[in-house]
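A.B. asks: One-letter residues, chain by chain:
Number of protein chains: 2
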Amino acid sequence: MSREYEMAWLEYRNAYRISQNDDWFHSIVLCDENEELRVVREELKIFAEEFFQIKPRFYNKPLKKRKYLLVGRIDALPFELKIDQDVHQEGFILKSVRFKESSILVLAGPSNSSIIYGVYELIKRTILGEDLNQVNLVSNPKLRLRMLNHWDNLDGTIERGYAGNSIFFKDDSIVVSNRTKDYARLLASTGINGIVLNNVNVRKAALKLIEKDYLPKVAKLAHIFNDYGIKIFLSVSFASPIHLGGLNTADPLSSLVAKWWREKAKEIYSYIPNFGGFLVKADSEFNPGPHVYGRNQAQGANVIAKALEPFDGYLIWRAFVYNCMQDWRDQETDRAKAAYEIFKPLDGEFAENAIVQIKYGPMDFQIREPVSPLFGGLEKTNQILELQITQEYTGQQIHLCYLGTLWKEILDFDTYAKGEGSQIKRIIDGTVFGMKNCGMAGVANTGDSVNWTGHDLAQANLWTFGKLAWNPDDSLQHILEEWIKLTFGSEKTLLKNLSHMLMNSRKAYEEYTTPYGLGWMVNPGHHYGPNPEGYEYSHWGTYHRANWEAIGVDRTSKGTKFTQQYHSPWRKVYDDPNSCPEELLLFFHRLRYDYKMKNGKTLLQNIYDLHFKGVEKIEEFVKLWNELSPFIDEKRFTRVKDKLQTQLENAKEWRDAVNTYFYRKTGIPDERGRVIYP
Amino acid sequence: MSREYEMAWLEYRNAYRISQNDDWFHSIVLCDENEELRVVREELKIFAEEFFQIKPRFYNKPLKKRKYLLVGRIDALPFELKIDQDVHQEGFILKSVRFKESSILVLAGPSNSSIIYGVYELIKRTILGEDLNQVNLVSNPKLRLRMLNHWDNLDGTIERGYAGNSIFFKDDSIVVSNRTKDYARLLASTGINGIVLNNVNVRKAALKLIEKDYLPKVAKLAHIFNDYGIKIFLSVSFASPIHLGGLNTADPLSSLVAKWWREKAKEIYSYIPNFGGFLVKADSEFNPGPHVYGRNQAQGANVIAKALEPFDGYLIWRAFVYNCMQDWRDQETDRAKAAYEIFKPLDGEFAENAIVQIKYGPMDFQIREPVSPLFGGLEKTNQILELQITQEYTGQQIHLCYLGTLWKEILDFDTYAKGEGSQIKRIIDGTVFGMKNCGMAGVANTGDSVNWTGHDLAQANLWTFGKLAWNPDDSLQHILEEWIKLTFGSEKTLLKNLSHMLMNSRKAYEEYTTPYGLGWMVNPGHHYGPNPEGYEYSHWGTYHRANWEAIGVDRTSKGTKFTQQYHSPWRKVYDDPNSCPEELLLFFHRLRYDYKMKNGKTLLQNIYDLHFKGVEKIEEFVKLWNELSPFIDEKRFTRVKDKLQTQLENAKEWRDAVNTYFYRKTGIPDERGRVIYP
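Going down the list, the protein sequences come from chains H and R.
All residue numbers for the first sequence refer to this note's numbering, where the first residue is 1 and numbers rise by one.
All residue numbers for the second sequence refer to this note's numbering, where the first residue is 679 and numbers rise by one.
These are computed hints drawn from the structure, not numbers from a lab.
Every value quoted in this text rests on a predicted model; they were computed, and no experiment measured them.
A portion of the hints provided could be inaccurate.
Claimed, not checked - In silico lysine-lysine, PhoX-like type, Cα no more than 25 Å apart, as pairs:
hint	chain 1	residue 1	chain 2	residue 2
1	R	Lys-778	R	Lys-739
2	R	Lys-773	H	Lys-208
3	R	Lys-886	H	Lys-170
4	R	Lys-1295	R	Lys-1086
5	R	Lys-848	H	Lys-204
6	H	Lys-204	R	Lys-882
7	R	Lys-1295	R	Lys-1319
8	H	Lys-408	H	Lys-572
9	R	Lys-848	H	Lys-170
10	R	Lys-802	R	Lys-773
11	R	Lys-1313	R	Lys-1301
12	H	Lys-613	H	Lys-408
13	R	Lys-760	R	Lys-733
14	H	Lys-266	H	Lys-217
15	H	Lys-507	H	Lys-641
16	R	Lys-882	H	Lys-170
17	R	Lys-733	R	Lys-745
18	R	Lys-1274	R	Lys-1250
Claimed, not checked - Which stretches of chain H does chain R cover? Using the computed rule of at least three CB atoms under 8 Å from a CB of chain R, they are:
hint	region
19	482-489
20	544-553
21	662-676
Claimed, not checked - Here are the computed distance ranges between Cβ atoms for each label pair:
hint	chain 1	residue 1	chain 2	residue 2	range
22	H	Glu-341	R	Glu-963	40 to 46 Å
23	H	Glu-285	R	Asp-1008	56 to 62 Å
24	R	Gly-1099	H	Arg-672	57 to 63 Å
25	H	Glu-285	R	Lys-882	26 to 32 Å
26	R	Glu-1159	H	Glu-341	54 to 60 Å
Just so it is clear, CB atoms sit at the ideal spot from N, CA and C, and this is done for glycine as well.
Produce the complete structure using the sequences and hints provided.
C.D. replies: Set out below in structure tokens:
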């Protein structure tokens, strides 16, 4: 293969796989009068050739007395399929049937894009060696919006990107290459159906993405991605009417502003009929917003949403609004409370095609935070759960940190908004409040590196994100097992070691960096590596306020009252250090270093212990990885080995810096006498 | 005036000045057969017109029975001047004589550029209202090299620049405008005779400054500056033979490399016959250097110096070499020791036209450091004292911080290298060791802001730097008084208040930031504002290692032994906390917070006290400035007022952050009960 990059789980390394399913791929019937299934055909061909080394023959009419694959829209099939389950617009059927003496494996869906998802499911099951003779499957995505947010800048850099440069942009131009299409394939194979191309911080040339300078080329990208069922969105500046329209205001209640957005929407859709909509970061970290004009967030969102509405476009509005110029001396203000305080009173005021996108926690993608109380707080507002696939605070794709475990906890978190069973996943799938335009957005961890994600094992995060967005009830064990098999192979040692490493990696990272919900002990700016007081005297509102005897912020009803933003029983559970989950203890409470934890040891000794333990886990990971050398090609083996080596060194640095920090604060040594640098 | 910038002390605001000297400016005789004194004529014309509103008449032959100004090279004068002092190549004579019934004020020097210095001296004395009828002055610069180092990047940004963008570069091009010439005038008027145009970190386009892409335009700049006696230097990358020459090595002992540098020098001098030479930052903070090839700093410098030697060019080699990837856990390594350890053994090995440029302190431009022991350590090596006029660590031209007081202390510091009288100023003027190619370099604080230096009062730093480089024995009181009179006027309140503010500003800054030589409690990266442990766990080698009971690094003979790099008596004086100057106590010693200081109070209480005191001084500065409103034009008054207001707020932030930091470490409150935030 002449590509300069690998195709992750679509690489079809057949060498280490055994599959009996090749007989379905010799003859393929496409019910495709208008060549709308072009990419389906292409994808099946690639797979058959690369995996089985066979050249499939394609037909457009049913065959007699044969075993074959039949693919088409449900309404275009030559016979009626009996199915006892609804098939959603993006869902598909994979079913083995007999028809006119033929054995037929039918792949069908209500739309062309739904069939694409089915193709990847079929390919996956084929590779995994499943018996498809008895298959009878209907698969529907549970979430409507399954989005990637790219924080790509037009100069080609990526904000918080750790996997090379942008796939979409270079030197203020849009790039269209073979890789564009391969990226669409990669994403479609996980079930993702929308991507925001550019950084939410819209600066310089990016302001003009919605102008005719760029729209024709954006349309080209959109066309490529649309083929794979993926819609294109753009991040726009709230001040666009000023920057681009020459208006002297961006006031959402100005009729001139409303008109400008309407005309802009019309113009964009004239280029891109399938355009997804806008993502807006407003009133947030120096980005302009409605606040400037004395308007609220709903007013700000609605003027743009209304403009998109005639075209079925979405307006996605980030809830990441807080005072980023806090004075550390101010102990009243609590950044954790900001989103709820600002958005809760506006519940019900957002337009139907407006969606509020909420970060998983009340702060900012730390390795451990409680779930944002805005989930469960908003009942009449469309919501997107925002996750960070890119590892800004979680090791920057140098550290192995599988985020599935973190996300699963969030999705399964029960808000009790309508009593038991009000989990986050039930809110964003529309069950709890009946809001349908909901979903999940992940900040992309991809770039133009050879393996897309910098760290080969970080591919698992992208895969898992897509799979959970399709079905948040899917088990991580299942998701991971499939990923490992597709990506590396089916050997037991591979499954055992990789599962162990991935499933334990987030906890390890938490342990050797900042346990108990502390967070923020990173170097300011780039956010890599330890700096225990790096943010302590800054304006970002992220303080732990450690002194000689205690640490943490009291966010209980006796402190900043953040706990009161939760439903019962959480407000009570979090309020008391005895009932508060220990992993969140220092997020909610200020405690003395000699506070006795459940295991009988002091808080301080537990902090020391966890830091030693976290590093030991990485030492174990290194060993486990080395055992895999017989099963993995040298390139990938060495790449990951090198990353793990760096991780181990950096984990030790974390351990030592944080332990030293607390030792220097308290003068209390480790009770087991391990090395803590003075 | 249509300029978009002001001319600082060359603004000739005649409104608030009284001078009786206009009668010298009606008739001016220039001994100038070849129009070599073009800029002298121009400068005198500008001054006469702007200051006296008279149009001088210029003659080329002596006048009879008249009072006039006579300007020319000594050997071109119509009569012999009797002077009893040597006039150096750059020195000048200003002398009132009678000749053929005329009263003549003679300004003469051995070279055209020396006359320029004389012109500015004459202008200054005229403005200040001195009686020139009896003047009889010979002025020679004491230092040979009086350099500005610009850290300007070719994209127009300035590393550590706080006064706008570059005057020289924009969008990877060289800018030549009226301002270029005005900048040359400004610098010449202070006595500066060399400038390095570009950043010592040579990256991207800057690599090519010594290629034909840029050389013709560099030559244009050189021409403009040469007219004012200023030579142009360039920063170059040690790896230029690789980047530009296509060689596969930059090994200084490679004959190919030597040849490349020789040819490069020849090429440059073919464009710029008066080219000054190169400045090189090698083996320093990720810049390439001879270390890569197992060669020492002298070998690295000499290969380039040799190439410049046929053209009388200088090779200036920075001594800022240290391990910038230190592990904070390593308590053996002491960054302060690096320069001495590396350069002392090479003393005498540097070529004659090579000069080692040494930062004033062993660390990096902190508000208080001891003088680098490399001064006095090197006896057979040309040396330049490197100062930072731009206020990287000293308030970034937001804070008023007059650096003359700091510089004067350094210049007057007696190294005792050859017994008493071995002051820094006597080393760099050649007296102590007889090395002649020495001098002072200041990192420029100028940019394209309206007042050149961002803060109007920061102009005093540029002025003072130039004046001290001309004569390090000049008194600050004298230097400042002249600057205030030229820049603002002669009113007593102006002199009193401004002198007080400027002379006390450095001490105030030290007090409310980091007293006792602590340093480094700044935000990493941009270096503005407090972050007491910002650098504590980093790789830069800048640690204070504060814990619950003590702070500071033991650099004595019992610690890292840094003190042993000094001559007696300093090694002993610094070694003992009782004899160590208190302002450097925590640079040399690790002390408990309850250490009793000379005033009977603890170290901790003194730290608290100084922080409160420092802020009080800024409150006083604000008052003193406000008293000046009647004497200063509104623009400048408001600009400085705004800066002082920000300084006051930021000084309070510093006070509170540092006090809180120590309070949180110790739990010991201020004994006077003032507010320390918990």
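A.B. asks: Now, for every hint given, state plainly whether the structure supports it.
C.D. replies: Structure-based check of all given hints:
1. Lys-778/R <-> Lys-739/R: 13 Å, holds
2. Lys-773/R <-> Lys-208/H: 66 Å, violated
3. Lys-886/R <-> Lys-170/H: 24 Å, holds
4. Lys-1295/R <-> Lys-1086/R: Holds: Lys-1295/R and Lys-1086/R sit about 21 Å apart, inside 25 Å.
5. Lys-848/R <-> Lys-204/H: 18 Å, holds
6. Lys-204/H <-> Lys-882/R: 22 Å, holds
7. Lys-1295/R <-> Lys-1319/R: 15 Å, holds
8. Lys-408/H <-> Lys-572/H: Satisfied, since the Cα-Cα distance of roughly 23 Å is no more than 25 Å.
9. Lys-848/R <-> Lys-170/H: Distance of about 22 Å is within 25 Å: holds.
10. Lys-802/R <-> Lys-773/R: Within the cut-off at roughly 15 Å; holds.
11. Lys-1313/R <-> Lys-1301/R: At roughly 18 Å apart (the allowed maximum being 25 Å), Lys-1301/R and Lys-1313/R satisfy the hint.
12. Lys-613/H <-> Lys-408/H: 23 Å, holds
13. Lys-760/R <-> Lys-733/R: 31 Å, violated
14. Lys-266/H <-> Lys-217/H: 17 Å, holds
15. Lys-507/H <-> Lys-641/H: Distance ~20 Å between Lys-507/H and Lys-641/H Cα, so the pair holds.
16. Lys-882/R <-> Lys-170/H: It holds: about 18 Å lies between the C-alpha atoms, which stays within 25 Å.
17. Lys-733/R <-> Lys-745/R: 16 Å, holds
18. Lys-1274/R <-> Lys-1250/R: It holds: about 20 Å lies between the C-alpha atoms, which stays within 25 Å.
19. 482-489: violated (count 0)
20. 544-553: Three-residue rule met by the region 544-553 of chain H, so holds; n is 5.
21. 662-676: holds (count 5)
22. Glu-341/H <-> Glu-963/R: 40 to 46 Å: 45 Å, holds
23. Glu-285/H <-> Asp-1008/R: 56 to 62 Å: 37 Å, violated
24. Gly-1099/R <-> Arg-672/H: 57 to 63 Å: 59 Å, holds
25. Glu-285/H <-> Lys-882/R: 26 to 32 Å: Since Glu-285/H and Lys-882/R have Cβ atoms about 29 Å apart, the given range 26 to 32 Å holds.
26. Glu-1159/R <-> Glu-341/H: 54 to 60 Å: Taking Cβ atoms as reference, Glu-1159/R and Glu-341/H lie about 57 Å apart, which means the hint holds.
Checked against the numbered hints listed earlier, the structure breaks hints 2, 13, 19 and 23; every other hint is satisfied.
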